[in-house]
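Colleague: Sequence:
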Amino acid sequence: MKIAFISAARSIHTVKWVNFLARRGHEVRLYSLPDHENKLGNIDPAVNIVYLEKSGFAGYFTNAPQLRRQIRDFAPDIVNAHYASGYGTLAALSRLHPLLLSVWGSDVYDFPLKSPVHKQLVKRNLEKADAVASTSRVMADRVRRVLRYNKPIFITPFGVDTSLFCPGEEPGGQRAGVRFGTVKALEDKYGMDYLIRAFAMVKKRLPDSADVTLEIYGKGSRREALQELIDSLGLSDCAKLCGAVPNTQVPEIIRGMDIFCLPSTLDSESFGVSAVEAMACGVPVVCSDVDGFRETVEDGVTGYLVPRCNEKALADKMYELAVNPQLCRMLGKAGRERVLRLYDFSKNVEEMEDFYRRTIELAHRSGR
Numbered sequence: 002m003k004i005a006f007i008s009a010a011r012s013i014h015t016v017k018w019v020n021f022l023a024r025r026g027h028e029v030r031l032y033s034l035p036d037h038e039n040k041l042g043n044i045d046p047a048v049n050i051v052y053l054e055k056s057g058f059a060g061y062f063t064n065a066p067q068l069r070r071q072i073r074d075f076a077p078d079i080v081n082a083h084y085a086s087g088y089g090t091l092a093a094l095s096r097l098h099p100l101l102l103s104v105w106g107s108d109v110y111d112f113p114l115k116s117p118v119h120k121q122l123v124k125r126n127l128e129k130a131d132a133v134a135s136t137s138r139v140m141a142d143r144v145r146r147v148l149r150y151n152k153p154i155f156i157t158p159f160g161v162d163t164s165l166f167c168p169g170e171e172p173g174g175q176r177a178g179v180r181f182g183t184v185k186a187l188e189d190k191y192g193m194d195y196l197i198r199a200f201a202m203v204k205k206r207l208p209d210s211a212d213v214t215l216e217i218y219g220k221g222s223r224r225e226a227l228q229e230l231i232d233s234l235g236l237s238d239c240a241k242l243c244g245a246v247p248n249t250q251v252p253e254i255i256r257g258m259d260i261f262c263l264p265s266t267l268d269s270e271s272f273g274v275s276a277v278e279a280m281a282c283g284v285p286v287v288c289s290d291v292d293g294f295r296e297t298v299e300d301g302v303t304g305y306l307v308p309r310c311n312e313k314a315l316a317d318k319m320y321e322l323a324v325n326p327q328l329c330r331m332l333g334k335a336g337r338e339r340v341l342r343l344y345d346f347s348k349n350v351e352e353m354e355d356f357y358r359r360t361i362e363l364a365h366r367s368g369r
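Numbering (the working numbering), first residue to last: 2 to 369.
Don't read these hints as lab results, they were simulated from the structure. One or more of the hints may lead you astray.
[What the hints assert, rightly or not] In silico BS3-like pairs for lysine-lysine, Cα to Cα no more than 30 Å straight-line: (1) Lys205 x Lys152; (2) Lys190 x Lys3; (3) Lys185 x Lys152; (4) Lys17 x Lys205; (5) Lys115 x Lys205; (6) Lys40 x Lys220; (7) Lys190 x Lys17; (8) Lys190 x Lys124; (9) Lys40 x Lys17; (10) Lys185 x Lys241; (11) Lys220 x Lys17; (12) Lys241 x Lys205; (13) Lys115 x Lys3.
[Claimed, not checked] The calculated label-pair distances, taken between Cβ atoms and stated as ranges, are: (14) Phe75 x Asp212: 25 to 31 Å; (15) Arg145 x Arg359: 14 to 20 Å; (16) Lys220 x Phe62: 28 to 34 Å; (17) Met331 x Arg24: 45 to 51 Å; (18) Asn311 x Ser237: 20 to 26 Å.
These numbers were taken from a predicted model, which means no experiment stands behind them. Every residue, glycine too, gets a C-beta built ideally from N, C-alpha and C.
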């Protein structure tokens, strides 16, 4: 197929989709605002990237005439716009068809709550599309409930490359000591302060001689406050803020952990790809019970779900795994099997291809 992709070129979501589609033989052209430029050079050379003229929020409105001309010249079989807010607005104003609009999280969890105008904008964009796709069932339910969207929604999980995210030679629980960890932005909604306090509780329950560490990878506005919390709890020798790392290093980093922790506090964690990455590596996860993790993590089978904003509940499950390496291995093995069954990205791309074909059929039936 000839596929027109409308999304931020710098987004890892965009990069994964266009690369996999191009490698499967599709002709992919990516349209992006110039201030969303891909500076890492991690998009496959087979993907033709077109940067539109206007930047910033206004670009979602003012680039419509240029995009319409560009799409007309390219003549794609399908247009796939990602995020129902910004790029969804651009696609709707450009009157593009057949159009599949993919929702991602904050565009339907946070953006519509800003004002009635924001909510109406997203509702209009959804209605202008020929079909809508969601990375999770829980987010699709929210679109139906909050935005009153009553048409079918395709479920397109944002899985992982299971050849890259795979178990290492030493499955969780076989190394000396216990290494807790996570890879997440240092922002309020990801709850790193709860993780640090929970880790302090676990450390107190273990013998003084126990070799137990916490590694937090990521950057964000909370770094200084989190470091102060680590220092105040006397954890400077065993809890580290390791900074941001390239996506290419994430599989190796996860494989170096025994237990992966995700204490997010808001439901805008709409799919839970971080949990999927850890499970793919055979590492058990302890997650808060936000929407995305409730869908991807099977509680008690591939890891544990705990009440959000509750460091005591989080600490209890972290401790349970820390003292039971066999349980870690069992949950890690089950997690890997679940990912292979449901979240292998190569299979997810095949599903997306099918949804592209179905969107084309829907557009033809409606005369668009």
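Colleague: Are the hints correct? Go through all of them and say.
Modeller: Structure-based check of each hint:
| no. | hint | verdict |
| --- | --- | --- |
| 1 | Lys205 x Lys152 | violated, 52 Å |
| 2 | Lys190 x Lys3 | violated, 38 Å |
| 3 | Lys185 x Lys152 | violated, 34 Å |
| 4 | Lys17 x Lys205 | violated, 41 Å |
| 5 | Lys115 x Lys205 | violated, 43 Å |
| 6 | Lys40 x Lys220 | holds, 18 Å |
| 7 | Lys190 x Lys17 | holds, 24 Å |
| 8 | Lys190 x Lys124 | holds, 25 Å |
| 9 | Lys40 x Lys17 | holds, 15 Å |
| 10 | Lys185 x Lys241 | holds, 13 Å |
| 11 | Lys220 x Lys17 | holds, 21 Å |
| 12 | Lys241 x Lys205 | holds, 17 Å |
| 13 | Lys115 x Lys3 | violated, 36 Å |
| 14 | Phe75 x Asp212: 25 to 31 Å | violated, 57 Å |
| 15 | Arg145 x Arg359: 14 to 20 Å | holds, 19 Å |
| 16 | Lys220 x Phe62: 28 to 34 Å | holds, 31 Å |
| 17 | Met331 x Arg24: 45 to 51 Å | violated, 35 Å |
| 18 | Asn311 x Ser237: 20 to 26 Å | holds, 25 Å |
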